[in-house]
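Novice: So the sequence shown is residues 3 to 74, counted in the numbering used here.
Honestly, the hints are just simulated from the structure, not real lab data.
Nothing here was measured: the structure is a model prediction, and the numbers come from that model.
Warning: the hint list may mix true and false statements.
SDA-like, lysine to any residue: derived pairs with alpha carbons at most 20 Å apart [said to hold, decoys possible]:
| no. | residue 1 | residue 2 |
| --- | --- | --- |
| 1 | Lys-34 | Ala-63 |
| 2 | Lys-34 | Pro-51 |
| 3 | Lys-34 | His-72 |
| 4 | Lys-34 | Ile-54 |
| 5 | Lys-34 | Ala-15 |
| 6 | Lys-34 | Asn-17 |
Pairwise CB distance ranges, derived in the manner of DEER restraints [to be verified]:
| no. | residue 1 | residue 2 | range |
| --- | --- | --- | --- |
| 7 | Trp-22 | Pro-51 | 35 to 43 Å |
| 8 | Ala-15 | His-44 | 13 to 21 Å |
| 9 | Leu-16 | Val-47 | 22 to 30 Å |
| 10 | Pro-51 | Phe-23 | 35 to 43 Å |
Positions of the beta carbon are idealized from the N, C-alpha and C atoms, including for glycine.
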Amino acid sequence: MNLPLNPRLPVLALNRRDRWFLGVAWAVIAVKCVLVWWAIAHWHVPVHPLWIVAPTLLCAALASLLWVTHRE
3 MNLPLNPRLP
13 VLALNRRDRW
23 FLGVAWAVIA
33 VKCVLVWWAI
43 AHWHVPVHPL
53 WIVAPTLLCA
63 ALASLLWVTH
73 RE
């Protein structure tokens, strides 16, 4: 039994505009996470920064995965 196998990754199937959008979105998320970490340390907020950064990264990764792998 021969199954067709497409070795291309879904990310490579994105066009240039989509790859740029995804890259800019992740850059904004990274800047937000750094600023939150700095602000919590700077103003001595009694909560660990991972309580905000971890859900942000998890949701962003899930949204990116769904967006990259969707089929129209």
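Novice: For every hint, state whether the structure bears it out.
Specialist: A quick look at each hint next to the structure:
1. Lys-34 to Ala-63: Given pair Lys-34, Ala-63 holds - Cα atoms ~15 Å apart, limit 20 Å.
2. Lys-34 to Pro-51: With a Cα-Cα distance of about 12 Å, the restraint between Lys-34 and Pro-51 holds, given a limit of 20 Å.
3. Lys-34 to His-72: Not OK: Lys-34 and His-72 at ~26 Å, beyond 20 Å, violated.
4. Lys-34 to Ile-54: holds (10 Å)
5. Lys-34 to Ala-15: Answer violated: Lys-34 to Ala-15 is near 28 Å, above 20 Å.
6. Lys-34 to Asn-17: violated (26 Å)
7. Trp-22 to Pro-51: 35 to 43 Å: Violated: the Cβ-Cβ distance is about 29 Å, outside 35 to 43 Å.
8. Ala-15 to His-44: 13 to 21 Å: Hint violated: Cβ distance 42 Å, outside 13 to 21 Å.
9. Leu-16 to Val-47: 22 to 30 Å: Violated, since Leu-16 and Val-47 (Cβ atoms, about 38 Å apart) do not stay within the stated range.
10. Pro-51 to Phe-23: 35 to 43 Å: At roughly 27 Å between Cβ atoms, Phe-23 and Pro-51 fall outside 35 to 43 Å, so the hint is violated.
When held up to the earlier numbered hints, the structure conflicts with 3, 5, 6, 7, 8, 9, 10 and fits the remainder.
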